[in-house]
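As given, the protein sequences belong to chains H and P, one line each in that order. Sequential numbering of the first sequence, starting at 1, is according to the working numbering. Sequential numbering of the second sequence, starting at 1001, is according to the working numbering.
There's no promise every hint is true.
The calculated PhoX-like cross-link candidates involving lysine-lysine, where the alpha carbons are at most 20 Å apart (straight line), are [claimed, not checked]:
(1) K35(H) - K49(H)
(2) K131(H) - K142(H)
(3) K1014(P) - K142(H)
(4) K1003(P) - K1014(P)
(5) K142(H) - K1003(P)
(6) K142(H) - K1064(P)
(7) K17(H) - K35(H)
(8) K48(H) - K35(H)
(9) K1003(P) - K1064(P)
Partial list, derived from the structure: chain H residues whose beta carbon lies under 8 Å from chain P [to be verified]:
(10) N36
(11) M40
(12) V129
(13) K142
No wet-lab data here; the hints were simulated from the structure. Computed from a predicted model, the values in this text were never measured in an experiment. All C-beta atoms, glycine included, are put in the ideal place defined by N, C-alpha and C.
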Amino acid sequence: MFPRFACVAKNELMNNKFFLQAAYNCFFGLTFFVKNIDDMPLVDSLLKKFASASFYVQNPSAKQQLDETTRITMEIMKEELGTEVWTAEVADAWITLLNHVHEVLADRNELKSLSADDLNVIRDDWLIVKKNKLFGANAIIK
Amino acid sequence: MFKAFPSTRDLFPKFANTPTSQLTYDPEFLAYGNILMAGLDFMVDNIDNTRVISQALHGKNWRKWFSPNVSITQQLEETARVFLEAMDEELGSQGIPFAKRSRETWTRAWAHMNAAQAFAFV
Chain H
1 MFPRFACVAK
11 NELMNNKFFL
21 QAAYNCFFGL
31 TFFVKNIDDM
41 PLVDSLLKKF
51 ASASFYVQNP
61 SAKQQLDETT
71 RITMEIMKEE
81 LGTEVWTAEV
91 ADAWITLLNH
101 VHEVLADRNE
111 LKSLSADDLN
121 VIRDDWLIVK
131 KNKLFGANAI
141 IK
Chain P
1001 MFKAFPSTRD
1011 LFPKFANTPT
1021 SQLTYDPEFL
1031 AYGNILMAGL
1041 DFMVDNIDNT
1051 RVISQALHGK
1061 NWRKWFSPNV
1071 SITQQLEETA
1081 RVFLEAMDEE
1091 LGSQGIPFAK
1101 RSRETWTRAW
1111 AHMNAAQAFA
1121 FV
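All chains should be modelled from the sequences, with the hints used to inform the complete structure.
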């Protein structure tokens, strides 16, 4: 998913500008959600723009990856804040927010994996379409 | 793409003076159409493993394929739209309706393909 730092050793990531850029992007997103937590329609409208398959690996499903992201985020928050601040009440509030974020994302049709039937539809249509030798040229002109 | 983003035509300087109506009679232009089809063929073959698509495209010169005046993401989205329109016309011309089920599936397929391309190019 991150070809720019796919080959960078784990212990070198913190010095890699592309890795840091990805981290800042992630942090920016979370900051936006927290700042606008009292305006969920605004948060949802932004989230829908992030509902792209590019944010997920092929397997497991987007929903499973989102669930795992919640688990990791909660773990990091607990580590960062310490048990005195990270009370059960705080954890509940965070999980409510993250679950909402993930529900909006996972509901987006674009993220749903392609089933075997979907693949058949695609391949059948494609076989028909590519019989026309001008299809590619016509598509460029469009 | 020429109609959707006229600046795309600048990627093909050889055809700058060829009227659009004559392009499909130009063997060299048809060759570009075939290159596009080969690329799409590759993506369709690997639609269930888009990482292969990203890896194949990674490091390729995006300037050959995208107009510099419009964001790549926007051009990818527009390509998907144009492609669906072309599919609709092509299937329709063969008496096969582009059913709602097919359109939805292709829309999702393009989301996956574009995501793979975005990772390689953006």
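- request: Could you work out which earlier hints the structure fails to respect and list their numbers in ascending sequence?
  value: The structure conflicts with hints 7, 10, 11, although it agrees with all the remaining ones.
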